[in-house]
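Guided by the hints, dock chain B onto chain A, whose structure is given.
2 protein chains.
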Amino acid sequence: MTKFVYDFAEGDRDQRDLLGGKGANLAEMTNLGLPVPPGFVITTDACRAYLAEGREPESMAAEVTEHLTALEKTMGKQLGQADDPLLVSVRSGAKFSMPGMMETVLNVGLNDESVRGLAAQAGDDRFAWDSYRRLVQMFGATVLGIDAEHFHDALEAAKTGKDTKNDLDLDAGDLSTLVETFKGIVSEHTGRDFPQDPREQLDLAVRAVFDSWNSPRANIYRRQERIPTDLGTAVSVCSMVFGNLGMDSGTGVAFTRDPASGARGVYGDYLQNAQGEDVVAGIRNTLPLADLEQIDKSSYDELMGIMTTLEQHYRDLCDIEFTIERGKLWMLQTRVGKRTAGAAFTIAAQLIDEGLIDDDEALRRVTGHQLAQLMFPRFDPDAEKELLTTGMNASPGAAGGKAVFDSETAIAWAKRGEKVILVRRETNPDDLGGMIAAEGVLTSRGGRTSHAAVVARGMGKTAVCGAEELEVDVRGKKFTTSSGREVVEGDVIAIDGTSGEVYLGEIPVSASPVVSYLETGEIDAGDELVVAVDRIMGHADSRRRMKVRANVDTGEDAGLARRFGAEGIGLCRTEHMFLGERRSLVEDLVLAESADDREKALAALLPLQIEDFTSLYRAMAGLPVTIRLLDPPLHEFLPDLTELSVEVAVARERGELTDKQEALLENVRRLHEQNPMLGLRGVRLGIQVPGLFAMQVRAITRAAASLAAEGISVLPEIMVPLVGTVQELQAVAAEIAVVVQEPESQVDGAPVPHQVGTMIELPRAALVAAQIAEVAQFFSFGTNDLTQTTWGFSRDDVESSFFSAYLEHGIFGVSPFESLDVEGVGELVEIASWRGREVRPDLKLGICGEHGGDPDSVHFFHRSGLDYVSCSPFRVPVARLEAGRAAVVG
Amino acid sequence: MTKFVYDFAEGDRDQRDLLGGKGANLAEMTNLGLPVPPGFVITTDACRAYLAEGREPESMAAEVTEHLTALEKTMGKQLGQADDPLLVSVRSGAKFSMPGMMETVLNVGLNDESVRGLAAQAGDDRFAWDSYRRLVQMFGATVLGIDAEHFHDALEAAKTGKDTKNDLDLDAGDLSTLVETFKGIVSEHTGRDFPQDPREQLDLAVRAVFDSWNSPRANIYRRQERIPTDLGTAVSVCSMVFGNLGMDSGTGVAFTRDPASGARGVYGDYLQNAQGEDVVAGIRNTLPLADLEQIDKSSYDELMGIMTTLEQHYRDLCDIEFTIERGKLWMLQTRVGKRTAGAAFTIAAQLIDEGLIDDDEALRRVTGHQLAQLMFPRFDPDAEKELLTTGMNASPGAAGGKAVFDSETAIAWAKRGEKVILVRRETNPDDLGGMIAAEGVLTSRGGRTSHAAVVARGMGKTAVCGAEELEVDVRGKKFTTSSGREVVEGDVIAIDGTSGEVYLGEIPVSASPVVSYLETGEIDAGDELVVAVDRIMGHADSRRRMKVRANVDTGEDAGLARRFGAEGIGLCRTEHMFLGERRSLVEDLVLAESADDREKALAALLPLQIEDFTSLYRAMAGLPVTIRLLDPPLHEFLPDLTELSVEVAVARERGELTDKQEALLENVRRLHEQNPMLGLRGVRLGIQVPGLFAMQVRAITRAAASLAAEGISVLPEIMVPLVGTVQELQAVAAEIAVVVQEPESQVDGAPVPHQVGTMIELPRAALVAAQIAEVAQFFSFGTNDLTQTTWGFSRDDVESSFFSAYLEHGIFGVSPFESLDVEGVGELVEIASWRGREVRPDLKLGICGEHGGDPDSVHFFHRSGLDYVSCSPFRVPVARLEAGRAAVVG
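Protein chains in written order, with my numbering: chain A, 26 to 915; chain B, 26 to 915.
Hints were generated in silico from the structure; no laboratory data involved.
You may find that some hints are simply not true.
Said to hold, decoys possible - Example chain A residues on the side facing chain B (calculated, C-beta under 10 angstroms, incomplete):
1) Ser640
2) Ala646
3) Leu747
4) Ala790
5) Val850
6) Val864
7) Pro866
To be verified - Covered by chain B, per the in silico footprint, the following chain A stretches (three or more residues, Cβ under 8 angstroms):
8) 388–396
9) 750–761
We put the CB at the ideal spot given by N, CA and C, even for glycine.
Chain A extracted, bound-state conformation:
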């Protein structure tokens, strides 16, 4: 028969599934011989059975009785006993922490009689009546479901009657009267009296905790956090101890090391004559934990010993809650403590040195998210600041400069040495130059995955996006805050991409020593954090199976990526090479009216592309360079249809319309697509526009052949985008096979070494991967597009519409554009990997979507057997770390 109740002594910390996190740790401490108030845990099995059947499992009541009896025996008093009552707390505790989501009832066991016993035992009438008052209030609201406002109002009325605003001014008599009032509220709203039977109180409280698992807010929280909904909660029933029984009592919280800096030595707060809830309420100032040594040396010494024991036992920073009741120390809770990013690295390295953990374990103890946080500069926290507004923290970091409102100004001002912040309603690929030139980017529209946010994160550029209170007037070169404050071009502003805050004026910034270490490899031996990062990164590199490449489009970025540890280029987006000044060349190509015109346009682009690729190859000498053939729709290189239509209509009104304008409009209209994302792009364009891909392949192979002649080895990987069927790839592969026979593409009379492969970015490509792998030598998962098509929504269109409602309803825990949707998109990645490798066992597999730099996603890619991940240069160290972690995580 299933056992539903465990004494603390019967459990251990590995039983989080059954006893919940809190219960398992109480059990662990009990078995370590630490002073935990005795108690027992009702299991999640019981909760699940209760939720499924609508009533407690049959044998549960008897088990509770048995454990309660044992508890009473241990404590030498009985639950609710009139002269010396045993009181218990009833707390929820699920496998995963769900702070504030579920119920707690304290002081169970008090009634009209035992309140007097408690008073006598404590020698404190007020304490007893206040405890009883709290029980009726908590029980009424959480167990009986009475609106908490009623109790609150009655309490306020009592205080008003005494002409005070402070609870402490209510004496035992007032509180006794208030208990009667509270009991009246209970009778009125439930039609029955407040239960005087202590066991009934206990049973109802347990049931209330069970029920709270399914409260709407708990459900939404779980959906948001992706906690399975069928786990259920355990219930700890623990004998009450009191820190508010005089100056020889008290309560505190403590950490075994400093969770902010990671510095060795305990760290905590203590409050005399108080309960835990008073610490939270902040009624009085707490004392530093060290002061406890003066107040109660024996308890202090015991606590220090316990903290050493816990750290040795958990082999990690622990945080604890404790209470001292009349000089006797009680441990109420412990767990592995939260810490800052820096502390995580520092402590992990310390624990290796202390012999508590090995390098693998240290690697498990830090995350890529933490490393990313350490890489961004921060504003000086002590500087004075004037806050203008708060937007979305789109790309972390701290940046300041003069506000500019267009890309040209950003580039021009940056050239003359000025720091600028580019401010736009939203950005598009044409703003790229300005974004590169600027210190940071501020937009009033778009979310964390808008163009501005994605590109900024990709470049490691600070960005605040979707600051919706700002009215950005690009033409007027100014923006206005909701309070009417105007900022014009040239005014200095500062943006904090970690917090989303936007300030007026200059704020001092400190650079990250971690970045400078990662880029140069130089270590200041005195900087404990950098030493720790170096040690752990080194271990990650030695452990990881996956290579890490970078997504870059210029030689400069390629150099940066290589310094950050990139082992090749996973994605060069050639469309980025066609912007700016070269736009007009592409416009010629798009508008070519004859094969001759087209050839001419392509011929003009060829030497430029050769230059582009040569610069990439030089930066990545000896390493593979994946170049994606042109992907975006041609019309992206033309003016916007709506803007141009307006321009033409206005010119016509004014009698100023030229034939050229009209012809341009006709062309733009012809190429316009309702859904460009689902239109003439990628390989479709390559098949539709003769010579386009051949020109690019020519540039790729000729540049490689020239460098090979100089003795610089490169392995170009030619990547065909948006393939949905093997026939498309066959058509392009045939074209490539012809180009590489040209003498300029050859070395020593043979085609320059190269590979031909494809993006897997359409669901169909994943499904027919076996066929595609007959032709492709590598697959690179384009998880941005794959997410778009698998879900049927485009990043550009939906972020600003329903995503917030979806996050709010818990339909998404996190945007699938930020962290890979393992269930849907992930299955397609696995299907493609498996089917492709079945046909071609040495098929090279990589990922070049934004997800390549997302810590959680990196683990998935490791498990899926990918050979490498590729991400933006600033993400390379994060990916290296996570690839190493993925290799050591069980």
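Leaving out everything else, chain B in the frame of chain A:
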């Protein structure tokens, strides 16, 4: 050891894989004892080995020698023997017919010596030299790869020399000279002489046939027809017989029944003193086959007997090719013959009556494509017509009426009883009213899957689309042909949706008796075709496992669908209910600035929706009705952004801009999406716009409850569109659960019977179907959207761009929007079906995309275990037939 050569007598008709279609049927006839010229077949195994290794398999030559020796023995002469040569034909023959794609060489065995022997044997010098001339020409071009132009030019020169344009004026001497010239061409272009060794001729010819399997045109053909590329071809080597050896010789083709009408009795053509190629060349008029009885009664009687034998043996209409050489009948080919749609039905029914096949086999012998052809009216073929242009045959049928250029005029004129043809550059949902009112639709833009084409096919409305030569001037209410002919509003035109032709003036039309039978069930016993259709449809209905439902949005269409045999509604698109006059109500909803405004707009829509659903339910009393909640993006109900921007800009120029216009533009801009197909649609809209889905569910259930009170039973199936994750469906299901508790939605104190389900139209939904099936009671595959997202292209955007290039390159055999892409989209359908049923064994599965009415796709859906297909009313009989066929096809 593999056997590579089979004597005709060693094979049979089931060996198409090995011997090719032609070889297998020659073998079959040989074994039936029919007079087939002796010969043998070199297998596809040999071809595949040759193509893989680049040379013939080792044992093949010896086998050919063995079979050739046997053949020579049978024929009593040797290949190329000087005095009485055996000549052979060498023909390709693959498993699937690839007409004109591969090579044939006749008269193999002729050389400088044997030509004289042939002349002596035939007693005809000219015949012998002409045969040799043909061999050198054919061999030179196809086996030796010399440009055919060289031979052609020499032949023309010879004729010019004789001052004639007719081959027949060249005598034996001329032809002997020409042979020398041809041999010179061979030497010049290949550096070697025309091979005189007959066996070398044979071996090279066989190799040329093998090679022709891989010719570019054959590869493209196979890609287009989806014939696997690795089958290879067989080669028939057959002793030559000659029909051109005098008036007692001749050649003919025949059918065992009339392939046009299906009438009983043989049918064919005969040409005296001729070879097969002369029949094709049409040099002389052929005689009706019956005349052969007078010319050569013995051969005629033998032929009649053979044709009876073949039909009895093949149990089907056969077509044959035969030759009579000096009074001796030879069978050169037979196969099951092609026939018209009407003949297919008529013959199948005849064969049942004759006891040759059973009803199942008859069902296998007809197709839904054929039934669809029989359902459309046709122009009187004898009428005089003036052709204006030819466009794409988008939706079959024949329709005439006055040209109108906008929906309003179409509706107004149709109301006063005039027939109209709606002419547009392209159509959009707003033209729906006009399309319904018109007899047919003509557009100058868009392909077979453009809006006009899809909707017209859906309504069974004749349409010619993409008639690109026409310049349509909607504002000027006229169109102009490329020859400058102008057609203005009110001019009568006629369009043939089967041929794509557009005519000026009225042309008499005959309605399809098959449609009137299908709609009424009435049969004219004298109409053999209708009787046949009835018999076969009845059998299809008795055999099919899948139900057939209809996609309709109005009570009227629902009635029609039911008469056509629909067993419920599989898809009611509620967005179609929001067009026309109700558009302004939706505009109110979209532009609502407060919850109050929104509630008001919804309240106005509720009674209209109740009316809509009531009318559907009445038409489908007793049957299930699936209603899809609103799917398209809200901004579809607003004006086009570009048009409105222009309007506003012009108004501003003129100083006439109103605040209302500006506000509208602001709203349209706010709701504008770059890729509406991937935007705020379907369930996303339902979650984003509070109350919208609840209003629709209220209307669905209230209408059902009212009718239930009248004793009319209906089963509404509430379908949630565009679900990608079960959380979305849970959110809507929770909303539905609340609405059905409202008293107006209840019958006898309980919610009106209903089901809740979802479209599976996103790849992710298919992958996570197990989760979704926990909530959904049915799945309906939305294969249009599923095709779009699986392939990553939208029907609206790509049809007019790269689809033609893709069809041309054979990347597509058929558009995946017309016939389901089984490999990609199909696998998702199967995954979803399987995963869904695992969780919920009684999960109802259906398909409501356009593919539901596509014959090939219906078979796939049957195999996938779907419960029903749903399609437009006119496709219902087609789907019934194909569902029956799917059940009997092995």
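Against the structure, the hints:
1. Against a cut-off of 10 angstroms between C-beta atoms, the interface hint on Ser640 of chain A is violated, since the closest Cβ of chain B lies about 32 angstroms away.
2. Using the Cβ-Cβ criterion of 10 angstroms, the hint placing Ala646 of chain A at the interface with chain B is not satisfied: the shortest such distance is roughly 36 angstroms.
3. For Leu747 of chain A, the shortest C-beta to C-beta distance to chain B is roughly 7 angstroms, which falls under 10 angstroms, so the interface hint holds.
4. Because the beta carbon of Ala790 of chain A sits about 9 angstroms from the nearest beta carbon in chain B, less than 10 angstroms, this interface hint is met.
5. A cut of 10 angstroms between beta carbons decides the hint on Val850 of chain A: the least distance to chain B is about 8 angstroms, and the hint holds.
6. Against a cut-off of 10 angstroms between C-beta atoms, the interface hint on Val864 of chain A is violated, since the closest Cβ of chain B lies about 15 angstroms away.
7. A least Cβ separation of about 22 angstroms between Pro866 of chain A and chain B goes past the 10 angstroms threshold, and the interface hint is therefore violated.
8. With 0 residues carrying a beta carbon less than 8 angstroms from a beta carbon of chain B, the region 388–396 of chain A misses the three-residue requirement, and the given coverage is violated.
9. Only when three residues or more bring their CB closer than 8 angstroms to a CB of chain B does the claim for the region 750–761 of chain A stand; here the count is 4, and the claim holds.
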